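Asks: Take a look at the letters that make up each chain.
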Amino acid sequence: MNRIAKTAAAALFSVSTLALVPAAPALAETVLRLDEVAVGELDPGKASDYADSILMFNVYDTLVLPAQGAPGLVPHLAESWSADGNSHTFKLRQDVKFQSGNPLTADDVVFSLDRMQALGQGLSYLFTNVEKAEAVDDHTVTFVLKEPYAPFVASMLRLPIVDKKLVMENLGEGEGEMKDWGQAFLSANGAGTGAYTVTSHNPQQETVMAKNADYFLGVPGAAPDTVRLRYGLEPATVRTLISQGEHDISSQWLPPEVLKALAQDGAQLLTESGSGAFYVKMNTTKPPLDDPQCRLALAKAFDYAAAIKMIAVTDDVSQGSPATGAIPVGMLGANPPSAELVRDLDGAKQHLNSCRYAAGDQNIEISWIAEVPLEERFALLMQANFAELGIKSEIKKMPWALFAEQVSKAENTPHISQIFNNAVTGDPDTLLYGMYDSKAPGTWQSPEHLKDAEVDRLLEEGRTNTDEAARAKAYHALNNRLMEIAPTIYGYDRQSVFAASNRVKVPAMSDPSKAFGLDGMGFSFRLMEMQDKN
Amino acid sequence: MSPVVRLLVKRLSISIIVLIGVSMLIFTIARVIPGDPARIALGPNATVEQVDQLREKLHLNEPIWVQYGYFIRDFSRGDLGISLYTNRPVTTDIAQFLPATLELVIVAGVFMIGFGIPLGIASARYRGKTADNVIRVISLLGVSAPSFVWAVILMLLFAFFLPLFPIAGQISDTLTVPPRITGFLLVDTLLAGDIPAFLSAVHHIILPAFALALSGIGQAARLTRSNMVETYDKPYIEMAQSYGFPARRIANRYAFRPSLIPSLTIIGLDFAAMLGNAFLVEAVYAWPGLSRYGVQVILRKDLNAIVGTVLVISATFLIVNIIVDLLIAYINPRIRLAERGRP
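Line order of the protein sequences matches chains A and B. Reading the first sequence from the start, the letters are residues 841 to 1374 in this note's numbering. Reading the second sequence from the start, the letters are residues 858 to 1200 in this note's numbering.
Keep in mind that the hints were calculated from the coordinates and are not lab data. Where hints are given, some of them may not hold.
Said to hold, decoys possible - Label pairs and their calculated CB-CB ranges:
(1) B/L1047 to A/E1015: 42 to 50 Å
(2) A/E919 to B/V905: 34 to 42 Å
(3) B/A952 to A/E1324: 54 to 62 Å
(4) B/E913 to A/E1009: 29 to 37 Å
(5) A/A1146 to B/I1180: 28 to 36 Å
(6) A/I1325 to B/D931: 49 to 57 Å
(7) B/L869 to A/G941: 34 to 42 Å
(8) A/P1213 to B/V889: 51 to 59 Å
(9) B/V905 to A/T1304: 17 to 25 Å
(10) A/D1130 to B/V905: 19 to 27 Å
(11) B/L876 to A/E971: 23 to 31 Å
(12) B/L1126 to A/K1291: 57 to 65 Å
(13) A/A1280 to B/A1002: 44 to 52 Å
(14) B/L876 to A/K1232: 49 to 57 Å
Claimed, not checked - What the simulated footprint calls covered on chain A by chain B, stretch by stretch (three residues with Cβ under 8 Å from a Cβ of chain B suffice, anywhere in the stretch; the number is not a length):
(15) 880 to 886
(16) 1042 to 1048
(17) 1063 to 1077
(18) 1083 to 1089
(19) 1236 to 1245
The structure presented is a predicted model; accordingly, all values stated were derived computationally and were not measured. Just so it is clear, CB atoms sit at the ideal spot from N, CA and C, and this is done for glycine as well.
With the sequences and hints as input, model every part of the structure.
Replies: Here is the structure:
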């Protein structure tokens, strides 16, 4: 036994000495470590998730950027732009070089669009209305649209410009002249003009990026020298890493209680908001929800204040703010924050009395997405709220894949579905058109299966009228119409909350006057400031 | 043909048949999980036309036996297709993630044998005494909680409250990863002669490997103890004791070896099962292994990757079992003799 005890003691001693071995010599560089859900899609033609957006906005640039702290767009790779009917012409900066050293030209912009359309993945649906792009000269490019599309310039926020020459030199196996359009190359390498270059990339584990010393706007010295974007960390792991000082910014997907615990441990909470919301979707084709009065009854019975409490992280920070309608506060056409939605049980009962279905006869199905546990809490909240009206309901858990398949047909879609949706360009068209236009096919965005001529007309007005004031008026009217017919319960305006160590300052996610109002843009590493050297 | 070679040939033949069966089964099961893989891969905003194009490209509109035919054709060329999850060839993903899991499982296996069997021997030798009771409680704790619970407990104890161990990845962020030769980081760091990187890799693997091994340690200890206790009651042990042989000699030479045979079978199965069980430990410790990859591809209904991952894990399971069979044949002469055709 003595021998065993000695062996065990020796093993413990060895282990503890390992812990004392310094991990590495101190380096005179700053390292920012953050995490997101796997996988990180590096190919900008396929990017769609949050992690992909972070990569895209740092490795690549776009022609325009969202203005900070205000609506609208500002020039970026483009110096200026103009519209003439269905043609949009952009003048490019002449001082921009790709990370490879190749100069940026109009050909690169044309190639980036052609590639996006040819792959047909990620956010390429934003460009299905573009007939062609043409290089007028080396630094002028014209996009020709098939039909008028007012928020076209905003959609340029999702067209990262790719280094054509580099990609053409690295085409992989495939058919035709363009072979694989450089998919194999771009899924492992960067080919942009961005402020950060890709040092290594493993889509399930980690992407390492380093400052691009030749960035056309320059990268401030305080910005992190190296960034390690890790994928798929568990909440418990993130909490421990941040407490150990080995992690800087969490993902937004941490449960509120973990965010709260981190805040209590001294972490700062960063926020990003303005482009998305939590929607409770009602199937307008199934009784009793095919009667607007029944839908209005449910919308008024929903306890909005309880929902906000459920997502509160601290007394000051929450994962959402009160909704004021279909359009999140701050977006074109939104109602002011003072018009927040509140529960009105008496009003709900009045609407229910006007409904052609008797409350006691109804049993509605409330679904929640299995991968989003928070939705189960909302399902339970709704069950309790609706029970007060005498409406029975059953809760159904659905994996995302099954949900996405079932909503393609109205008869298979549950009475109530819950989704989080956001405007990928910050414009209300990219939020509302897919949800409410009657021509849009049944997708996860449109479990309402709404057919309403007035909604269609206003959506069309919003996307075709190029006058900004007229668009705002159309979206206000649309907002009001949607409140009248209540295809959806507008749960709350979503706000992404991230826990961060105090080693990093992120003005775009802590100072409203620096916020971009576009998901993922707050993670522009060049605008961050590291507080110490490792 | 020697009996051991004959045993090997027999086991390999059976394994190939099992693998073909597994491939058919998983190929079918992967296709009946709810959800359209093309829709999931292209994302919620893809148009119906885009989804249809990808379905066509993946042959998803063909009957399942035709699809299996395409799979066998590609498989025979060493092509498992493209993962719709990582957008890379499945073989590339497996080659990248498998070594990390194998390394974790091998170290856990070493812990299982290195701690479990000595604890079992000690427990049997000191049967009924305090040491025996303590070891039995520890073993029971190890067996009764699953690996992921231990993963979280160990992380809280030795990383959160007592920051002794790192908890994310295979090596410190600040060190340069040595050139990939075998894919096994412990081996590659040694081959590169990079001692700080090797120590960092050792430091990183201890907690996840121990969490993964704890259940096996308990199992091995309990099994070794019960087998040895049974052996201690045999007349030849009593005879050795009556001759006054030292207790350690009796334990190690006369009681342990016959007790090892049943333990070895279970340890072998445990070892292989760790491949599948590793995914939660890999998730907690951000370990870039195949088990975590396997779970992600199932959730995303990534057909090619599901089939590839399951086949590799099954093949590894079968290989481990063959090794265990050979070891047992080596230890137990009765099995060798049976293979030779004698009773």
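Asks: Give a verdict on every hint.
Replies: Here is how each hint holds up against the structure:
A beta carbon spacing of about 45 Å between B/L1047 and A/E1015 agrees with the range 42 to 50 Å that was offered as a hint. The hint said 34 to 42 Å for the Cβ distance between A/E919 and B/V905, and at roughly 39 Å that hint holds. Distance hint check for B/A952 and A/E1324: the Cβ-Cβ separation is about 58 Å, which falls inside the suggested range of 54 to 62 Å. For B/E913 and A/E1009, the Cβ-Cβ distance of about 30 Å falls inside the hinted range of 29 to 37 Å, so the restraint holds.
Taken as a hint, the range 28 to 36 Å is violated for the pair A/A1146 and B/I1180, whose Cβ atoms sit roughly 59 Å apart. For A/I1325 and B/D931, the hinted distance range of 49 to 57 Å is satisfied, since their beta carbons lie about 52 Å from each other. Between B/L869 and A/G941, the C-beta spacing of about 55 Å breaks the proposed range 34 to 42 Å. The given range of 51 to 59 Å is broken by A/P1213 and B/V889, whose C-beta atoms sit roughly 26 Å from each other.
A beta carbon spacing of about 23 Å between B/V905 and A/T1304 agrees with the range 17 to 25 Å that was offered as a hint. A C-beta distance of roughly 25 Å is found between A/D1130 and B/V905, which places it inside the suggested range of 19 to 27 Å. Distance hint check: the CB atoms of B/L876 and A/E971 are about 52 Å apart, inconsistent with the given range 23 to 31 Å. In this structure, B/L1126 and A/K1291 meet the distance hint of 57 to 65 Å, their C-beta atoms being roughly 59 Å apart.
Separation of A/A1280 from B/A1002 is about 50 Å and conforms to the stated range, judged on CB atoms against 44 to 52 Å. Taking 49 to 57 Å as the suggested C-beta distance range, the pair B/L876 and A/K1232 conforms, at roughly 51 Å. By the rule of at least three residues with a Cβ nearer than 8 Å to a Cβ of chain B, the coverage given for the region 880 to 886 of chain A holds, with 3 such residues. Counting residues of the region 1042 to 1048 of chain A whose CB falls under 8 Å from any CB of chain B gives 5; the rule of at least 3 is met.
Proximity of the region 1063 to 1077 of chain A to chain B, defined as three or more residues with a beta carbon under 8 Å from a beta carbon of that chain, is established by the 7 residues found. Residue count for the region 1083 to 1089 of chain A with a Cβ under 8 Å from a Cβ of chain B: 4. That meets the three needed, and the coverage hint holds. Under a criterion of three residues with beta carbons nearer than 8 Å to beta carbons of chain B, the stated coverage of the region 1236 to 1245 of chain A is upheld, 6 such residues being counted.
Hint compliance for this structure: hints 5, 7, 8, 11 are not met, and every other hint is.
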